[in-house]
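Enquirer: What follows is each chain in one-letter form.
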Amino acid sequence: MRILLVDDSATMRRIQKTQISNLGISDILEATDGEEALIVLKENMPIDIILLDWNMPVMDGMTFLKKVRSVAAYNDVKVVMCTSESEKSRVIEAMKEGVNNYIIKPFTPDSLKEKLGL
Amino acid sequence: MDVSFVNPFIKALIDTFKTMLSTDTIPGKPQVKSGNKPTHDISGIIGLSGEAQGAIAISFPKIVALKVVSAMLGSSIKIIGPEIVDGIGEIANIVAGRAKQGLSQYKLTISLPNVIVGQNHAISPPSGIRAIIVPFDSSLGNFVMEISLKTK
Numbered sequence: 080m081r082i083l084l085v086d087d088s089a090t091m092r093r094i095q096k097t098q099i100s101n102l103g104i105s106d107i108l109e110a111t112d113g114e115e116a117l118i119v120l121k122e123n124m125p126i127d128i129i130l131l132d133w134n135m136p137v138m139d140g141m142t143f144l145k146k147v148r149s150v151a152a153y154n155d156v157k158v159v160m161c162t163s164e165s166e167k168s169r170v171i172e173a174m175k176e177g178v179n180n181y182i183i184k185p186f187t188p189d190s191l192k193e194k195l196g197l
Numbered sequence: 007m008d009v010s011f012v013n014p015f016i017k018a019l020i021d022t023f024k025t026m027l028s029t030d031t032i033p034g035k036p037q038v039k040s041g042n043k044p045t046h047d048i049s050g051i052i053g054l055s056g057e058a059q060g061a062i063a064i065s066f067p068k069i070v071a072l073k074v075v076s077a078m079l080g081s082s083i084k085i086i087g088p089e090i091v092d093g094i095g096e097i098a099n100i101v102a103g104r105a106k107q108g109l110s111q112y113k114l115t116i117s118l119p120n121v122i123v124g125q126n127h128a129i130s131p132p133s134g135i136r137a138i139i140v141p142f143d144s145s146l147g148n149f150v151m152e153i154s155l156k157t158k
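In the order they appear, the protein sequences are chains A and B. Reading the first sequence from the start, the letters are residues 80 to 197 in the working numbering. Reading the second sequence from the start, the letters are residues 7 to 158 in the working numbering.
None of these hints come from the bench; they were simulated from the model. Fair warning: there could be bad hints in the mix.
List time: in silico DSSO-like cross-link candidates among lysine-lysine, alpha-carbon distance up to 30 angstroms [to be verified]:
hint, chain 1, residue 1, chain 2, residue 2
1, B, 35, A, 96
2, B, 84, A, 167
3, B, 24, B, 73
Some residues of chain B that are not near chain A, with every Cβ distance over 10 angstroms (derived) [as the list claims (entries may be wrong)]:
hint, residue
4, 42
5, 131
6, 135
7, 148
Pairwise CB distance ranges (calculated) [what the hints assert, rightly or not]:
hint, chain 1, residue 1, chain 2, residue 2, range
8, A, 137, B, 85, 26 to 34 angstroms
9, A, 192, B, 35, 16 to 24 angstroms
10, B, 69, A, 124, 27 to 35 angstroms
11, A, 170, B, 53, 17 to 25 angstroms
12, B, 107, A, 142, 17 to 25 angstroms
13, A, 170, B, 133, 47 to 55 angstroms
We put the beta carbon where it would ideally sit given N, CA and C, even for glycine.
Chain A on its own, in the form it takes in the complex (with noise of 0.2 angstroms):
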């Protein structure tokens, strides 16, 4: 099992990588943004998850949700949204973009668990 964690927020990314550290998954890989996370993606396949901020500075993450979504090759990741961006309609847009779970922060270890299909 292979999970790329995809958020600038090097706070958010240490907190994801200890509770999925404490579920038996060590291959953990980390993209600051959407841009990064694709040359990671590509250089790195196969990639069993990828859990994705929304809000991030040079490619958000609902396009590079696109980006993956329109490439076949990628047709088999799971991709679960992981955001402060609650709002109904927000959950709705990214579903219809082809995420796989959405997960609001702020998030508990079994809410994690539980949205990633650990």
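Could you slot chain B onto chain A? The hints should help.
Expert: Using the frame of chain A, we list chain B on its own:
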């Protein structure tokens, strides 16, 4: 400023500290800000735009900021550096995003966080908007949230 804006931010802050830091926070009585008091050491600021405009700032004394980010990361941070700046910015980001749930009648966009580090700095609300100050008490120490928001 419409005081109905205040409660979603108070609730969002309580939820964020409870979930991410396992810490209970107790809000004090909201007050209208006058002048350049209170002053702070570290502030995380998020701008809000759209059908309502303004900003929220969550401001800490240095020692409280160190304890808050240490609790968030589960490891002791002893100096004000990039980890503290990033951590305080992320808390402000989460609180602002969470509060949008309670303000769903307005279509709001939140900015990326800005963090100010500097002893005894004051925060001025956006021009033409009165700020509401909410003090918080917690086992990690006392801090304040400043909310300045108005409808278009």
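Enquirer: Now look at each hint and say whether the structure bears it out.
Expert: Results of checking the hints against the structure:
The straight-line distance between the Cα atoms of residue 35(B) and residue 96(A) is roughly 37 angstroms, outside the 30 angstroms bound, and the hint therefore fails. As the CA atoms of residue 84(B) and residue 167(A) are separated by approximately 39 angstroms, the hinted pair breaks the 30 angstroms bound. Proximity of residue 24(B) to residue 73(B) is assessed by CA-CA distance (about 15 angstroms); at most 30 angstroms being required, the pair is judged to hold. For residue 42(B), the non-interface assignment is confirmed: its Cβ lies about 29 angstroms from the closest Cβ of chain A, beyond the 10 angstroms cut-off.
Chain A leaves residue 131(B) outside its interface by the beta-carbon criterion, the shortest separation being 22 angstroms against a cut-off of 10 angstroms. At the 10 angstroms boundary, the C-beta of residue 135(B) stays outside the reach of chain A, the nearest C-beta of that chain being 22 angstroms off. Against chain A, the non-interface label of residue 148(B) holds: every CB pair exceeds 10 angstroms, the least being about 21 angstroms. For the pair residue 137(A) and residue 85(B), the beta carbons lie near 28 angstroms from each other, so the given range of 26 to 34 angstroms is met.
One distance hint, 16 to 24 angstroms for the beta-carbon pair residue 192(A) and residue 35(B), is violated here, with the actual separation near 39 angstroms. At about 46 angstroms, the CB distance of residue 69(B) to residue 124(A) disagrees with the hint of 27 to 35 angstroms. Separated by about 23 angstroms at the C-beta atoms, residue 170(A) and residue 53(B) satisfy the suggested range of 17 to 25 angstroms. Residue 107(B) and residue 142(A) have their C-beta atoms about 24 angstroms apart, which keeps the hinted 17 to 25 angstroms range intact.
At roughly 34 angstroms, the beta-carbon separation of residue 170(A) and residue 133(B) lies outside the given 47 to 55 angstroms, and the hint is violated.
The structure does not agree with the numbered hints 1, 2, 9, 10, 13 stated previously, though it agrees with the rest.
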